[in-house]
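Student: Could you put the whole structure together from the sequences, leaning on the hints where they help?
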Amino acid sequence: MQQVKPESKSDSVIVAENLTKKFGSFTAVDRISFDVKRGEIFGFLGANGAGKTTAMRMLSGLSIPTSGRGVVAGFDIGTETEMVKKNIGYMSQKFSLYDDLKVWENIELFGGIYGLKKTEIETKTDELMRALNFESERNKLVGELPLGFKQKLAFSVSIFHNPQVVFLDEPTGGVDPITRRQFWELIYDATSRGITVFVTTHYMDEAEYCDRVSIMVDGKIEALDTPAILKRQFNADSMDGVFQQLARKATRGDI
Amino acid sequence: MIRYLLRKEFKQLMRNPFIPKMLIGFPLMVLLVLPWAASYEIKNLNLSVVDNDHSPYSRRLTEKITSSGYFLLTDKSAGFKQALEAVEENRADIILEIPPRFEKDLVTGRGTKLMIAPNAVNGMKAGVGMTYLASIVGDFNSELVREIAPAGSSTASVPTIQIDSQFKFNPHLNYRVYMVPALIVLILTLLCGFLPGVSIVMEKEIGTMEQINVSPVPKAMFILAKLIPFWIIGFFILTVGSIIAWAAYGLVPAGHYYTIYLFATVYIITVSGLGLIISNYAQTMQQAMFIVFFFMLIFIMLSGLYTPVESMPEWAKWVAAFNPLKHFMVVMRSVFLKGSSLADLSVEMYALLGFAVFFNSWAVISYRKTNN
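Protein sequences, first through last, are from chains L and P. Per this note's numbering, residue 1 is the first one in the first sequence, and the count goes up by one each step. Per this note's numbering, residue 1 is the first one in the second sequence, and the count goes up by one each step.
By construction, these hints were calculated from the structure, which means they are not laboratory data. We put the beta carbon where it would ideally sit given N, CA and C, even for glycine. Treat the hints with care, since some could be wrong.
[Stated by the list, open to error] PhoX-like cross-link-like pairs, simulated, lysine-lysine; straight-line CA separation at most 25 Å:
{"id": "1", "chain 1": "P", "residue 1": "Lys317", "chain 2": "P", "residue 2": "Lys338"}
{"id": "2", "chain 1": "P", "residue 1": "Lys81", "chain 2": "P", "residue 2": "Lys113"}
{"id": "3", "chain 1": "L", "residue 1": "Lys86", "chain 2": "P", "residue 2": "Lys204"}
{"id": "4", "chain 1": "L", "residue 1": "Lys117", "chain 2": "P", "residue 2": "Lys11"}
{"id": "5", "chain 1": "P", "residue 1": "Lys219", "chain 2": "L", "residue 2": "Lys118"}
{"id": "6", "chain 1": "P", "residue 1": "Lys219", "chain 2": "L", "residue 2": "Lys117"}
{"id": "7", "chain 1": "P", "residue 1": "Lys43", "chain 2": "P", "residue 2": "Lys125"}
{"id": "8", "chain 1": "P", "residue 1": "Lys369", "chain 2": "L", "residue 2": "Lys86"}
{"id": "9", "chain 1": "P", "residue 1": "Lys204", "chain 2": "L", "residue 2": "Lys140"}
{"id": "10", "chain 1": "P", "residue 1": "Lys76", "chain 2": "P", "residue 2": "Lys125"}
{"id": "11", "chain 1": "P", "residue 1": "Lys369", "chain 2": "L", "residue 2": "Lys22"}
{"id": "12", "chain 1": "L", "residue 1": "Lys150", "chain 2": "L", "residue 2": "Lys118"}
{"id": "13", "chain 1": "P", "residue 1": "Lys11", "chain 2": "L", "residue 2": "Lys124"}
{"id": "14", "chain 1": "P", "residue 1": "Lys11", "chain 2": "L", "residue 2": "Lys118"}
{"id": "15", "chain 1": "L", "residue 1": "Lys102", "chain 2": "L", "residue 2": "Lys117"}
{"id": "16", "chain 1": "P", "residue 1": "Lys204", "chain 2": "L", "residue 2": "Lys22"}
{"id": "17", "chain 1": "P", "residue 1": "Lys11", "chain 2": "L", "residue 2": "Lys150"}
[To be verified] Covered, in the sense of this in silico footprint (three residues per stretch, anywhere, with C-beta under 8 Å from a C-beta of chain P), are these stretches of chain L:
{"id": "18", "stretch": "59-73"}
{"id": "19", "stretch": "93-106"}
{"id": "20", "stretch": "112-124"}
Tutor: Below, the structure written as structure tokens:
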């Protein structure tokens, strides 16, 4: 486990110190500590039930930690949840745009929620539609789009307000390899704009795309480093090999 | 920010394949059909007569009863036991047993006894049937007294008390006049009270609620955006209801429309707050619907819609006092029928205002964007 160095702190967008979440007697997240630097793609790996989503919900202000502390975008996740929410983007495991609103209406709604001005929303919508090659879909109801389109749109909406950090919870679940590839291009594009990406995934090839990867087992972080160092450390030729070694130790199944 | 949220709500409402139809269909159905079908007036009671006398008098009494229009003579039995079987088989609701020597005892002035035995499985039907039958027999009796007694004899000059009844505020005791204002209350409760709650639970199920919770939308604003469309719908329905009351039943409030709209405003806010509380505690649509049914049943039964609150036991009166439906029903009936003003209904106004503040504060407090 990495120690947070004092000098790196100012550059950290996410800091977690002994973050813990208990549900009754069950400890979903057990004293995890890490920091994520600005502009980094931080992969958050773990088997089902390892506690990834719970940790992510705490970091995005949806859930208050039982103990420990965390700072996201400069705000305390225990006491300044609404300020945290202003400065982050979030894309949940469940698709969560409005199916019964059109593409542009969803963008307008979330742009408006984050306080963007009307003209700003309009110009940015035009740009986005061009960039995604979505111009013909602009007036379609989101519910009518194929899943890959929806996921790309959901991601674009989650970073529409230029947050400091975006949290992605298994964003590419169920999409085809080509769309996944395009999706990761969008992620790289976001980091080039200075947005920090915090992403959970089950695809080990995607883990290789991350700057740093943490692997959670039974609520604890068992490994955290760049993919290259982790592979060397665990004597594996792929991240899959690293993950297999660590995840096999898990005692808790799906929850 | 709120206008974006409002735009979303209106678009979603209009695009919903079901709700706009229900908003029109439900009030029309309830107001145009139910007052004609669900009537307190008891008609067509099936009568079983056990005539042990077979005299002209007994036949005359039977004829008088059937010609009243309230009873159908569906069974003639030789004995009470046989008549009871007819009741068991649902061929008769009420038994009238005429004793032997009925005519003879009447003519000789000894007096006689009739037995009326209603099927009390439906208590109200039995009670009303009994009363009708008794009053017809009473009529028959006074007819006989006049006939039998020779002119100028002492029996005819016995002073009798005649009751002259005058029904106030509803002179013809028209059931519909009484029901329509109450039904408007019921529609408002269902549509404005529970639809916004249901729409929040739906967002929870779909997952969009989490996307809202992770955004900086202030919770009161999100709730307000959910409520405002339904408030507008509420006024629309109230207006449609008032038009139907006038067009279909000639019912115009004896009081002022503004009294009605004023109370409706407070009432709609109250019940929509209640719906929100339910949505905050229910995780799934199933749970929400079940809680809604639970409360609706209690609210309706203890509202005075069917049975007057005054005749309920003490504990039930207390429950009813905390039932917003009851208060608004009192208001609607009083304004429509008696022409009551705001001053006459100040108790109800304070009660509804209290509920509005209480329910809505609870709703805002119990809605959590961040879970523990």
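Student: Hint by hint, note whether the structure agrees.
Tutor: So, going through the hints one by one against the coordinates:
1. P/Lys317 <-> P/Lys338: It holds: about 23 Å lies between the C-alpha atoms, which stays within 25 Å.
2. P/Lys81 <-> P/Lys113: holds, 18 Å
3. L/Lys86 <-> P/Lys204: OK: L/Lys86 and P/Lys204 at ~21 Å, within 25 Å.
4. L/Lys117 <-> P/Lys11: Given that 25 Å is the threshold and the Cα spacing comes to 21 Å, the pair holds.
5. P/Lys219 <-> L/Lys118: Since the Cα atoms of P/Lys219 and L/Lys118 sit roughly 22 Å apart, the hinted pair holds (cutoff 25 Å).
6. P/Lys219 <-> L/Lys117: Within the cut-off at roughly 21 Å; holds.
7. P/Lys43 <-> P/Lys125: Holds, at roughly 9 Å.
8. P/Lys369 <-> L/Lys86: Holds, because 13 Å separates the two Cα atoms, which is no more than 25 Å.
9. P/Lys204 <-> L/Lys140: holds, 24 Å
10. P/Lys76 <-> P/Lys125: Holds, at about 21 Å.
11. P/Lys369 <-> L/Lys22: Judged against 25 Å, a Cα distance of about 19 Å means the pair holds.
12. L/Lys150 <-> L/Lys118: Measuring from Cα to Cα gives roughly 23 Å; hence the hint holds.
13. P/Lys11 <-> L/Lys124: holds, 22 Å
14. P/Lys11 <-> L/Lys118: Distance of about 18 Å is within 25 Å: holds.
15. L/Lys102 <-> L/Lys117: holds, 19 Å
16. P/Lys204 <-> L/Lys22: Given pair P/Lys204, L/Lys22 holds - Cα atoms ~23 Å apart, limit 25 Å.
17. P/Lys11 <-> L/Lys150: holds, 20 Å
18. 59-73: With 5 residues close enough to chain P, the hint holds.
19. 93-106: holds (count 9)
20. 112-124: holds (count 4)
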